[in-house]
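J.: One letter stands for each residue in the lines below.
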Amino acid sequence: MTIPEVIPIVNVRWDDILFLILATVMIGSALLVVILRDIIRCGLAMMVCFGALAGIYVIAGAPLVAATQVLVYIGAISVLVLFAIMLTQTKAAPARLVFQTQAVPAALAAVVLAIIIALAVGSTDWGAAGTRVRTATDALAKVLFQQYVLPFEIVSVLLLAAVIGGVFLAKRDEGEPL
Amino acid sequence: MSWQDVAIVGPLVGAILVAIAILLVDLVVPGRRGPALTVALLGLGLVAVLTALAGRTPGQAFGGAYTVDALTTFLDLLFISIVGLTIVFAPDYLEPRDLPIAEFAAVLVFALTGAMLIAASTDLLVLFLGLELMVLPGYLLAGFAKRDSLSTEGAIKYFLLGSFSSAIFLFGLAYVWGITGTTRVAEVAAELARVAAGGAALQPGLALGLAFMTTGVAFKIAAVPFHYWTPDAYQGSPTPITGYLSVGPKVGAFALILRLFVGALGPLRADWLDVIIVLAALTMTLGNLVALTQGNVKRMLAYSSIAHTGYMLVGLAAYAGGRQEGLQGLLYYGAAYTFMNLGAFAVVAALQHRPGVTSALETFAGLGRREPLLGILMTLFLLSLTGIPPTAGFFAKAYVILAAVQAGGALSVLAVIAVLNAAAAAFYYLRVVVYMFMREPVAETEPQRHSSLVWAGLWATTVLTIVLGLVPGPLLSVVTDAAKALTS
Chain A
0 MTIPEVIPIV
10 NVRWDDILFL
20 ILATVMIGSA
30 LLVVILRDII
40 RCGLAMMVCF
50 GALAGIYVIA
60 GAPLVAATQV
70 LVYIGAISVL
80 VLFAIMLTQT
90 KAAPARLVFQ
100 TQAVPAALAA
110 VVLAIIIALA
120 VGSTDWGAAG
130 TRVRTATDAL
140 AKVLFQQYVL
150 PFEIVSVLLL
160 AAVIGGVFLA
170 KRDEGEPL
Chain W
0 MSWQDVAIVG
10 PLVGAILVAI
20 AILLVDLVVP
30 GRRGPALTVA
40 LLGLGLVAVL
50 TALAGRTPGQ
60 AFGGAYTVDA
70 LTTFLDLLFI
80 SIVGLTIVFA
90 PDYLEPRDLP
100 IAEFAAVLVF
110 ALTGAMLIAA
120 STDLLVLFLG
130 LELMVLPGYL
140 LAGFAKRDSL
150 STEGAIKYFL
160 LGSFSSAIFL
170 FGLAYVWGIT
180 GTTRVAEVAA
190 ELARVAAGGA
200 ALQPGLALGL
210 AFMTTGVAFK
220 IAAVPFHYWT
230 PDAYQGSPTP
240 ITGYLSVGPK
250 VGAFALILRL
260 FVGALGPLRA
270 DWLDVIIVLA
280 ALTMTLGNLV
290 ALTQGNVKRM
300 LAYSSIAHTG
310 YMLVGLAAYA
320 GGRQEGLQGL
330 LYYGAAYTFM
340 NLGAFAVVAA
350 LQHRPGVTSA
360 LETFAGLGRR
370 EPLLGILMTL
380 FLLSLTGIPP
390 TAGFFAKAYV
400 ILAAVQAGGA
410 LSVLAVIAVL
420 NAAAAAFYYL
430 RVVVYMFMRE
440 PVAETEPQRH
450 SSLVWAGLWA
460 TTVLTIVLGL
470 VPGPLLSVVT
480 DAAKALTS
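Chains as they are written, first to last, in numbering that gives the first Met the number 0: chain A, 0 to 177; chain W, 0 to 487.
No wet-lab data here; the hints were simulated from the structure. It should be emphasised that the depicted structure is a prediction, and the values quoted were computed from it without experimental measurement.
With a straight-line Cα cutoff of 30 Å, these simulated BS3-like cross-link-like pairs (lysine-lysine) come out:
{"#": "1", "chain 1": "W", "residue 1": "Lys156", "chain 2": "A", "residue 2": "Lys170"}
{"#": "2", "chain 1": "W", "residue 1": "Lys156", "chain 2": "W", "residue 2": "Lys145"}
{"#": "3", "chain 1": "W", "residue 1": "Lys145", "chain 2": "A", "residue 2": "Lys170"}
Based on the sequences and whatever the hints tell you, model everything.
T.: What follows is the structure, encoded as structure tokens:
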């Protein structure tokens, strides 16, 4: 049995409904990341945000990107962030976060920017970019390792530089206390 | 990928190998400055030779993503001299403060690879990655003195704002990609030329993309009002690194502007001209006005570097206004600014050889009597930064301002603003000269010994500052070729 593409009574595509749900979850959890006081909860909200984004990738027809998103962001980065919080947080954390001193103007600016972006994107003819496509993984691999092989290789150099920098900054010098 | 591709990317691969070689040498003989410096400087020399060789046969590799032309060669050689000079100036400052030299040199050479990638990139994605590869080592270098809270504070500000601006820039790139459907610079330019020729109004999405990319790039070159990270990052960094940060990433970001705004978005230049004019006027004026009030030479030079960004933007605006000379002026300015600014920072770093010496104006009091040669060289660099003939800075300013005058219209107003700013800047540059030669030192300090490496670097920057001011012809023909390669 196949599910019809359009929901029968309201005449809306399933994709669109799913997208709306996922987008709401993503924006809501992203807001929680910046609003919540408890930094652990912020981290957990961030994982929800990443998960919703993975769902949007699936709807957009990029299953490989979605799988990578789950593996790398939810699997690795979030756990890393939570560990970093756990290992570095002191009990005497400030009650108010230091960066939240300009919350109201920042929120206003964000809302205004969101409206501008929505208006601009809505009134633009996106041409071919608006059509629904489904990217097969082998096609992606061909593009990645032929047309975009240079960026692919450069990322490895970028990571090497970042690792060297990270190790230098984190390394404890001899005789330095714990 | 063929052998021809390998020959074209040879210099880039060479630079990556030099960075790795420095680390390996430090692994074998840890903590010694000699071997790491030798490998770094010899390696950079080799990369320079490779660059010059590769520049003789222009071509493209990786299906048009990587281009070697006159512009690439010019910018690459400039980047190599920036990194080479920084490596020459730094050890005298880093060693007394127990900061490692091998890691410093390796990270700096990684930044060089990023800059070289930008210079050669004709693909939006490669441009972005090159930018990241160039600025990421900069964040680390800004916080290199990791036990110094000022250095860490500056690095965190630089890192946060830098990351945000990269994200904003990438967001803008995504819009351009969405509209044009390609990441290759040549194809984007062709597609946009079609849009511009059709006479249709700019699509809102494309305008938004342009705005985001301009914002992202303006952060990187520290144009007003996107400059807030600059003074803190520059003042907190170890002085030779400040010199590098004020030149390397700035010239690199201008390379990005050339490849992106002139190369890919050139057809839309009537649409971004006005923004650049406003940015240039604001950047020059505010940078100079705030520099006037600074009592710390490092912070003064930080604001002055913001002002110099403004002068370079005048060249870009003149190009957008229809004068090819604007690009030549911009490139000439980049080279002249590199040598005079690195020289000025090298003198500040040499004075701070002993840990604990600040970069306050008082440190310079009586320098003319204490170390006459250093005082004279500093005067030369400051005169050049002011733009007084016969120094490199004079021709640099003259070329960009002349191009703006020739473009006419709103650009002649911009030219007037630039001239007024150059005059105002003389006050704070010459104040340092007054302190060096006409003020009694606050506390009598012994003249310090500077290594022959520092002297060699100082002489190199001095000679270049004077030569570019006396015989501008050869460099002018080089930048003319470079500008032609970009726009033809």
